Amino acid sequence: MMNNRVNKIAAAVLALSVSSVWAEEATSPAKTSGEQEAMPGMDHGAMDHGSMPGMKQGSRSGTTQGSGKAGDMSNMNHGDGGMDSGSMSMQGGSAPPDARDPQAYSGGYDFGPIPRPRMGDVDKFGSLLIDRLESVRTRDNSSTVYDLQARFGRDYDRAVLKAEGDVASGKLQDARTELLWGHAVATFWDTQLGVRYDSGVGPGRGWLAFGIQGLAPYWFNVDATAYAGEQGRSAFRFAAEYELLLTQKLILQPRVEANFYGKRDAAHALGSGLSDLAAGVRLRYEIRREFAPYIGVERAAKFGGTADYARAAGEDTKVTRFVAGVRFWY
Amino acid sequence: MKPHSRSRLILPDLPRRQFLQGLAAGGVMLGLGPLITPAWAREADGTAIGTAKVLTGTEFDLTIAETPINFTGTPRMATSINGSIPAPTLRWREGDTVTLRVTNRLAEDTSIHWHGILLPFQMDGVPGISFKGIPPGETFTYRFKVVQTGTYWYHSHSGMQEQTGMYGAIIIDPADADPIRADRDYVVQLSDWTDEDPVRVFDKLKMQSDYYNFNQPTAVDFFRDVANEGFSAAISKRKMWNQMRMNPTDLADISAYTYTYLMNGTTPAGNWTGLFRPGEKVRLRFINGAAMTFFDVRIPGLKMTVIQADGQNIEPVTVDEIRIGVAETYDVLVTPGDEAYTIFAQSMDRTGFSRGTLAPRAGMTAAVPAPDKPEPLTMGDMMGDMGGGAAMDHAGMESMDHGSMAGMAGMNHGGMAMDHGAHAMGGGMAMGGPVRVRHAKSEYGPSTDMRVDTPRTNLDDPGIGLRNNGRRVLTYADLHTIGGPIDPRGPEREIELHLTGNMERYTWSLDGLEFGKSTPVHFRYGERLRVILVNDTMMTHPMHMHGMWSELESPDGRFQVRKHVINVQPAQRVTSLVTADALGRWAWHCHLFLHMHAGMFREIVVA
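Heads up: the sequence lines are chains A and X, in that order.
Counting from 1 along the first sequence, just add 839 to a position and that's the residue number in our numbering.
Counting from 1 along the second sequence, just add 10 to a position and that's the residue number in our numbering.
Just chain A, with the same shape it has in the complex:
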């Protein structure tokens, strides 16, 4: 999901674990009741006491309007850590036993003889996001990388095509192509079930894929998929992206990706365990929402048996890549 762009700086700070402030406060004795937990950053400036039922209308202007900054309680900050429980109950979870049956109001009545209106919720939508189409330069190499995701279907069930690969010296090196059924299981999460095919240098590899894709708290885009291949092969891929708005159109996007393999695959120069990890940042400018050129830098490393293969082939196990490309969608 690529449509998150709320200010993510707070989360970035969290990610950098500068979080001792609330880590301490979460256990502070000041937190004694649910009511307090629910009031971090309580905005008394906006508090409208006139709105209390039973109070006279006339009191409105006197008590609230014009009080201005005086009511700003930004110093009041006693319940930060406890907020989690409060907010969690507002999202997701499972229905309590006494939850209403939303169909109960029909009283057995169905729609009438006229074909009922067809709304957008039953329409199918298609989209294509080229998240990365970039030229990659390392100290002694250059290649072109593509990473796209296409979707077609309804809101809660759709076909998803994911493809990622790189082309060097006019040849497809490594390519991963997945065709998945995406099914919404929670507010921000889809499960994805389907197949993956690896092509490029070396023999092709087919896999069954099962994963999740969605938006973690603090606006991390997460894509985690486990794969089962022929001859007992297994793999796991994790990718996370984040969007930090520097301005409304200038966006810094950190990105990490890691791959694990269950067993050695000499034909692909892969060892077992963590095989590679890449972390980078891309800075893009959205000329339009749909079209954004970017530049970036990425640090990639190979580990374990995979690193051994690289060393044996005379390659570096750690490289810094400079990238320039374009992100676009339709």
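Derived by calculation from the structure, the hints in this document are not laboratory data.
Computed from a prediction, not measured in an experiment: that's the story for all the values here.
For every residue, glycine included, the Cβ atom is placed at its ideal position computed from N, Cα and C.
Take these hints with a grain of salt, some might be off.
What follows is a list of derived Cβ distance ranges for each label pair [unchecked claim]:
1. X:Glu502 / A:Ala934: 45 to 55 Å
2. A:Gly947 / X:Arg101: 54 to 64 Å
3. A:Ile1134 / X:Asp205: 30 to 40 Å
4. X:Gly493 / A:Tyr1169: 32 to 42 Å
5. X:Ala185 / A:Tyr1169: 32 to 42 Å
6. A:Ala934 / X:Lys383: 48 to 58 Å
7. X:Lys383 / A:Ile1134: 27 to 37 Å
8. X:Lys383 / A:Gly992: 38 to 48 Å
9. A:Gly947 / X:Arg234: 52 to 62 Å
10. X:Leu593 / A:Ser933: 37 to 47 Å
11. A:Pro936 / X:Gly105: 49 to 59 Å
12. X:Lys383 / A:Thr1159: 39 to 49 Å
13. A:Phe1049 / X:Pro381: 48 to 58 Å
Put chain X on the given structure of chain A with help from the hints.
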């Protein structure tokens, strides 16, 4: 909380925004014959320019067709009625039986819904609910007796036609003398126009629901807050939003990035003007005919006396500003002096405005205010009574121990003039304690992004962006229909519906079920019902029930006002009484066009 200000670094947008204030001569430049003379160019009885043609009588012929228009410099096709935008104003008389022949000259089905009008359901004009729609080339004849008075409007209920221009005003004169006397009478119909294909707009929102929001909190804002308020305050201001993956600047789905806001089909640059003689009493019939835009309307220099809401006369209340939800109507009286006044209607997200002028002589203008700064949503808009902000539950505060009170060093009790007596009011609030909300089972799945367990019930909150702005802003608590409720009975039964959505997926629903998964709501013929609407989203939804009045109740259960559209603010619970006196099948939906289209829609069966 400090309002988020737009970063200076997006200046490249501004020229475009200004341009989108429109062409001075924009709009319905037809030149396609005398029948469809540009409405804006005609001097209607020498008093106004830009007012749609008024059709009176009992027989009306309306033709739906594609019409070229140009609001922004880019020619586009609009869907028009009798070639004008807005459509002709229909003037009916209470007690008459009107006949309206609607001919479809489009390549697709069409329909007209008479918004707020009480009539037999087959005449209500909702395809798939009350009739089959009007196929291309065919004429459908609506005929019904007019049993009410006041200001209403009409619009298409088919496809994207409402967004592309199919809306017009209805004025129903009382059979006897109008108790409201005015020297001038103007319809002021507000709307929003996009050069984009509305289908494409919907697709874009599905792909990226904040596509049109260029007011998002940025890293620059964060560092400014750190500098001004300190690090932990800046963090706590964002923590919950980021944790919940919600956006405090999610004020409107579609902004001036694509919209041009119109007044009587005229761009701000075109400056629709209503003329008056100094000292005259002028009646303005505000109609929000926009697809997706809430407007905050004011006339700097003039007090507005609100005399009608949704067509129903109310006890007059004088205010500086009115938030007019999509599909609502408000009639006001103003008495201007010998100068020009700007009618200023800024969009709720403050990205743009629609504007016109009241002037004693043609060509006069007054200063046009700058739009206010957009205000981020508060905790109260997310959590209701629990969240503080606009609707803090003082009963809850009583349980705070003094240790934590000491943490409130920054709280200036004097400045807030907070009445501690109010803390004791807990028991008297909301009919004796916290309101019990019953979520539907279907609200626990992927279709909803939040649930409010402790909604606020206050009706005197003007809503986000209008709190504490120094102006007297109309709220629902100010509205009292003259004559009280239609039906003296109390409710026999309650129906609770939750307004739900998932902003990330851009899905909208009721009780977590989009229309396609819903079943009709059954009202027993003749019963008196309490309808409870709880808003489990962060947006205000103008809920429109066809065919029957909704009689809004105050938080303590007293009759407040009769309406056809009820705005339900974020994290708010609003109740109304309905008498199920209209047999048949009716639509009930959010009047934000794309919310309805996405599935925030139900059928009602009265049987």
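Going down the list of hints, with the structure as the test:
| no. | hint | in the structure |
| --- | --- | --- |
| 1 | X:Glu502 / A:Ala934: 45 to 55 Å | 28 Å, violated |
| 2 | A:Gly947 / X:Arg101: 54 to 64 Å | 43 Å, violated |
| 3 | A:Ile1134 / X:Asp205: 30 to 40 Å | 32 Å, holds |
| 4 | X:Gly493 / A:Tyr1169: 32 to 42 Å | 56 Å, violated |
| 5 | X:Ala185 / A:Tyr1169: 32 to 42 Å | 57 Å, violated |
| 6 | A:Ala934 / X:Lys383: 48 to 58 Å | 40 Å, violated |
| 7 | X:Lys383 / A:Ile1134: 27 to 37 Å | 33 Å, holds |
| 8 | X:Lys383 / A:Gly992: 38 to 48 Å | 40 Å, holds |
| 9 | A:Gly947 / X:Arg234: 52 to 62 Å | 58 Å, holds |
| 10 | X:Leu593 / A:Ser933: 37 to 47 Å | 40 Å, holds |
| 11 | A:Pro936 / X:Gly105: 49 to 59 Å | 54 Å, holds |
| 12 | X:Lys383 / A:Thr1159: 39 to 49 Å | 43 Å, holds |
| 13 | A:Phe1049 / X:Pro381: 48 to 58 Å | 50 Å, holds |
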